[in-house]
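Can you build the whole structure from these sequences, using the hints too?
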Amino acid sequence: MSTVRFPPVLRAAVGGAREISIPGATVADVLDALYAAHPEVQAQLVAQNGELHRFVNIYVNDEDVRLQGWLATPLAESDTLLILPAMAGGTSSSR
Amino acid sequence: MAQTYQDLLAAARTEVPELDVAELAKRLSGDVATVVVDVREQSEWDEGHVPGALHVPRGFLESRIAGVATPDQPVVLMCAGGNRSLLAARNLREMGYAHVESLAGGFTRWKQAGHEVVVPQTLTAQQRSRYSRHTLIPEVGEEGQLKLLGAKVLLIGAGGLGSPAAYYLAAAGVGTIGLVDDDVVDASNLQRQIIHTTDRVGMLKAESAKIAIEALNPDVRVNVHATRINRDNVLEILSGYDLIVDGADNFPTRYLLADASLMTRTPLVHASILRFEGHASVFLPYDGPCYRCVFPEPPPPDLAPSCGEAGVLGVLCGVMGNIQANEAIKVILGIGETLSGRLLVYDALGMTFTELKVRRDPDCPGCGPGAHLEFRDYDAWCAGVGRHLEAVQA
Chain A
1 MSTVRFPPVL RAAVGGAREI SIPGATVADV LDALYAAHPE VQAQLVAQNG
51 ELHRFVNIYV NDEDVRLQGW LATPLAESDT LLILPAMAGG TSSSR
Chain B
1 MAQTYQDLLA AARTEVPELD VAELAKRLSG DVATVVVDVR EQSEWDEGHV
51 PGALHVPRGF LESRIAGVAT PDQPVVLMCA GGNRSLLAAR NLREMGYAHV
101 ESLAGGFTRW KQAGHEVVVP QTLTAQQRSR YSRHTLIPEV GEEGQLKLLG
151 AKVLLIGAGG LGSPAAYYLA AAGVGTIGLV DDDVVDASNL QRQIIHTTDR
201 VGMLKAESAK IAIEALNPDV RVNVHATRIN RDNVLEILSG YDLIVDGADN
251 FPTRYLLADA SLMTRTPLVH ASILRFEGHA SVFLPYDGPC YRCVFPEPPP
301 PDLAPSCGEA GVLGVLCGVM GNIQANEAIK VILGIGETLS GRLLVYDALG
351 MTFTELKVRR DPDCPGCGPG AHLEFRDYDA WCAGVGRHLE AVQA
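Sequence lines, in order, name chains A and B.
Position 28, counted from 1, in the first sequence is what my numbering calls 28; the numbers after and before it change by one each time, with no gaps.
Position 255, counted from 1, in the second sequence is what my numbering calls 255; the numbers after and before it change by one each time, with no gaps.
Calculated directly from the structure, the hints in this document are not laboratory data.
Treat the hints with care, as some may be off.
[As the list claims (entries may be wrong)] The following residues of chain B were derived to be distant from chain A, with all beta-carbon distances above 12 Å: (1) Thr4; (2) Leu8; (3) Gln112; (4) Leu146; (5) Gly159; (6) Leu216; (7) Asn217; (8) Ser306; (9) Ile335.
[As the list claims (entries may be wrong)] The following label-pair restraints were derived from C-beta to C-beta distances: (10) Pro74(A) - Glu236(B): 34 to 42 Å; (11) Ser29(B) - Leu67(A): 23 to 31 Å; (12) Leu216(B) - Pro74(A): 49 to 57 Å; (13) Thr264(B) - Ala43(A): 44 to 52 Å.
Heads up, the beta-carbon is just placed ideally off N, CA and C, and yes, glycines get one too.
In structure tokens:
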């Protein structure tokens with residue numbers, strides 16, 4: 001069972017949860033299970049061609065899956081999968 | 001029997017060999033290993049000293065000599081005129097320093113003879129007092145404090161992140177702080193933008209921050225850039241600075257700064273915030289990952305709400321802005337382990353700090369070997385215009 005942590009911008013799509021435990025042997029397994037339970041997440045993370053958007057970073061524990069096996073990266077018990085898009089916030093937001 | 005000062009000097013001269021300034025100059029230019037110890041007071045040392053000399057004030061000589069020379073080493077003691085060093089040398093001889101000599105005529109004669117003099121850049125008495133808690137730290141010291149005073153840091157935004165970052169950098173004695181912000185102080189800013197005050201609502205933020213900084217530390221020169229940074233002005237503004245603290249509130253500015261940081265090889269200290277979450281990292285151009293190694297593309301606007309839309313905990317700004325100040329100081333001083341190569345994710349609700357490894361992306365569109373670095377229309381690009389086409393071309 002991996003723990004999936006959500007950034008603030010995705011929490012509404014998973015009913016406000018900050019993290020959810022999801023079983024799966026690979027990153028792809030866990031994401032598929034996540035999409036099945038919360039289709040809105042898929043709409044936000046996955047492009048029309050079925051690939052993850054380039055602005056989505058996924059880390060298993062502290063490593064970027066882009067530098068590992070991408071979606072085939074295996075997951076062990078109690079791994080943490082972190083979904084991390086860039087955040088812009090800083091100063092006054094007068095725009 | 002009581003002895004006068006003259007008696008003491010005469011007695012010391014029978015025990016301590018003296019050398020003249022020409023001989024010292026000859027030794028220093030040759031390969032004879034000689035430790036030159038200047039025993040004058042701090043204020044005398046600050047006005048100039050012999051190149052390579054070490055400074056140990058007379059009052060601390062016996063307690064500190066072991067840290068600068070061993071008893072078997074040749075040691076030359078010097079002072080202003082040659083008397084204090086002569087008397088001091090007697091004590092060192094008693095401590096077993098057999099090869100100690102005194103410089104006849106001292107620094108005065110050295111200078112008169114036209115030999116090289118080093119005038120150290122030093123802190124003033126007021127600065128020594130103001131920064132004493134810094135200079136006590138071995139990793140900072142007076143040398144480090146002088147580096148801070150000579151540093152020029154550009155802060156993008158005098159808002160949530162810029163307020164604490166600017167305040168602490170100013171307190172730390174960063175000598176030049178540039179503030180880029182074209183916005184005015186609004187009452188809704190004061191929940192987190194602590195450099196501003198209620199009576200300055202309506203004033204330009206950069207001007208308001210300047211007032212606060214100058215009241216805190218008159219050593220700091222504040223440059224107000226009351227403009228929105230863009231591709232037409234970024235290089236000119238950056239040319240006056242050696243480090244960027246990015247506290248921007250929008251992706252077009254962040255990607256602009258990422259590119260400009262690489263073009264000018266200016267280190268970029270990054271932080272971003274939303275609600276209870278903060279990110280921070282340090283991007284050292286071509287010496288570590290850049291912003292685009294981590295985030296090659298911005299999210300679409302609906303996945304990138306601003307703090308104005310989604311809110312932000314005021315205290316979070318303080319935590320993240322101060323992490324930026326901390327990292328900026330380390331980069332300036334060249335000490336410690338910066339966040340280069342790491343992305344720090346702070347969750348204020350869970351009170352957790354998570355460190356993610358970030359590496360240089362060999363295919364990075366910003367700093368990769370095949371990258372074609374040029375400014376673009378960041379507003380359009382961040383809105384998604386033309387990005388599909390770019391992906392097809394790539």
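Structure-based check of all given hints:
Its beta-carbon lying about 71 Å from the closest one in chain A, Thr4(B) satisfies the requirement of being farther than 12 Å from that chain. Taking the minimum C-beta to C-beta distance to chain A, about 67 Å, the non-interface status of Leu8(B) holds against the 12 Å cut. No Cβ of chain A approaches the Cβ of Gln112(B) within 12 Å, the least distance being about 58 Å, so the stated non-interface status holds. Remark: the non-interface label on Leu146(B) is consistent with the geometry, its nearest Cβ contact in chain A lying 30 Å away (cut-off 12 Å).
Chain A draws Gly159(B) into its interface by the beta-carbon criterion, the shortest separation being 3 Å against a cut-off of 12 Å. Every C-beta of chain A lies more than 12 Å from that of Leu216(B), the closest at about 20 Å, which supports listing it as non-interface. Every CB of chain A lies more than 12 Å from the CB of Asn217(B), the least distance being 22 Å, so the non-interface label holds. With a cut of 12 Å on Cβ distances, Ser306(B) falls inside the contact zone with chain A, its closest approach being about 4 Å.
Every CB of chain A is more than 12 Å from the CB of Ile335(B) (nearest about 24 Å), matching its label as outside the interface. Separation of Pro74(A) from Glu236(B) is about 50 Å and departs from the stated range, judged on CB atoms against 34 to 42 Å. Between Ser29(B) and Leu67(A) the CB atoms are about 55 Å apart, so this pair departs from the stated range of 23 to 31 Å. For Leu216(B) paired with Pro74(A), a C-beta distance near 53 Å keeps the hint of 49 to 57 Å intact.
Judged by the Cβ atoms, the range 44 to 52 Å given for Thr264(B) and Ala43(A) is violated: they are separated by roughly 39 Å.
The structure does not agree with the numbered hints 5, 8, 10, 11 and 13 stated previously, though it agrees with the rest.
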